[in-house]
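From first to last, the protein sequence lines stand for chains U and E.
Residues 1 to 188 in our numbering are what the first sequence lists, from first letter to last.
Residues 189 to 288 in our numbering are what the second sequence lists, from first letter to last.
Everything labelled a hint here was simulated from the structure, so no lab data went into it.
Keep in mind it's a predicted model, so treat the numbers as computed, not measured.
Possibly wrong hints are sitting among the right ones.
Unchecked claim - Covered stretches of chain E, as calculated for chain U (at least 3 residues, CB under 8 Å):
hint : segment
1    : 236-248
2    : 251-259
3    : 262-270
Said to hold, decoys possible - Covered by chain E, according to a simulated footprint, are these stretches of chain U (three or more residues, beta-carbon under 8 Å):
hint : segment
4    : 39-52
5    : 65-75
6    : 78-85
7    : 150-156
Idealized CB from N, CA, C, for every residue including glycine.
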Amino acid sequence: MTEKSLLSEMQQVQLAIELIELNARLQVLESETDLSRGRLIRLYKEVRGMSPPKGMLPFSTDWFTTWMPNIHASLFYGIYLRLTQEQGCERMEGFIKAYRLYMELADSEADEPVLGLTRAWTLVRFFESGLFELSSCTSCSGRFVNHAHTPSQDFVCGICQPPSRAGKTRKRRSAAVDAESEVQEKTG
Amino acid sequence: MLDSAVSEIQDINLSYLLLAQRLLKDDFATALFRLKLDETLANKLASLTAKQLTQLARSNQFLFRLNLENPIQLEQLTNNKRAENLSHIHTALLMSSSVN
């Protein structure tokens, strides 16, 4: 028994380290591992050299339906689904691999990817609790994150039909923040 | 002219096979995603010897083909003036969610 729990604890620590390196918040670690909060905080300090940020996680679904975040969230979730559903990756393994694949595409210019790891995790949880579903774009057939039970026969994605001022106001760095207000008008 | 095209095809075939093997050995699940290969086929591919790879590569046809099969999607990806800086994301998104 002791031997087995040692091994599983090692795997949990390994998972926690990987998540911390990818910038996970403490709440993600607490929820995805059995390690105690005290140990997680110590681990966090050792890996990142600072205390984990305090405060609640963002829990609104609306952020994911604003323009740029929606595009990034849809890209990430498409990869995640492919890995977990079609290739049979286990949930957290698939999550981390999908997130790394997403970062390859998203991280080229900005310091921070539009979809941070904690957001990505929240997104998966929202899907798991049925708050979101994927809608197919009638123009490009891509699948995009959408609120569950939204009529989507006429759905057109934010890439095929960007909001009018999208990307013109500031550099892409702040595009995500920018887009929030723009898309709120559009989806309203 | 034609000869050089055939030898280029063979080079690319071999490069593809070698890279595919390396990716599969490095991180199997991620490689499956990148290559869009089925697990059984990928296992087989990973197990081939250098000699077998060379034999496979020696052809006048490509061993692999475009992942985007829908010409409408190709048009959308290459001709979207309003979101040009998103085209790499759009391409990745369409290829990863191509379970149409």
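Results of checking the hints against the structure:
1. 236-248: It is violated, with 0 qualifying residues against the three required.
2. 251-259: violated (count 1)
3. 262-270: holds (count 4)
4. 39-52: Result for this restraint: violated, n = 0.
5. 65-75: n = 4 at 8 Å, threshold three: holds.
6. 78-85: holds (count 5)
7. 150-156: violated (count 0)
Comparing the model with each numbered hint stated earlier shows that hints 1, 2, 4, 7 do not hold.
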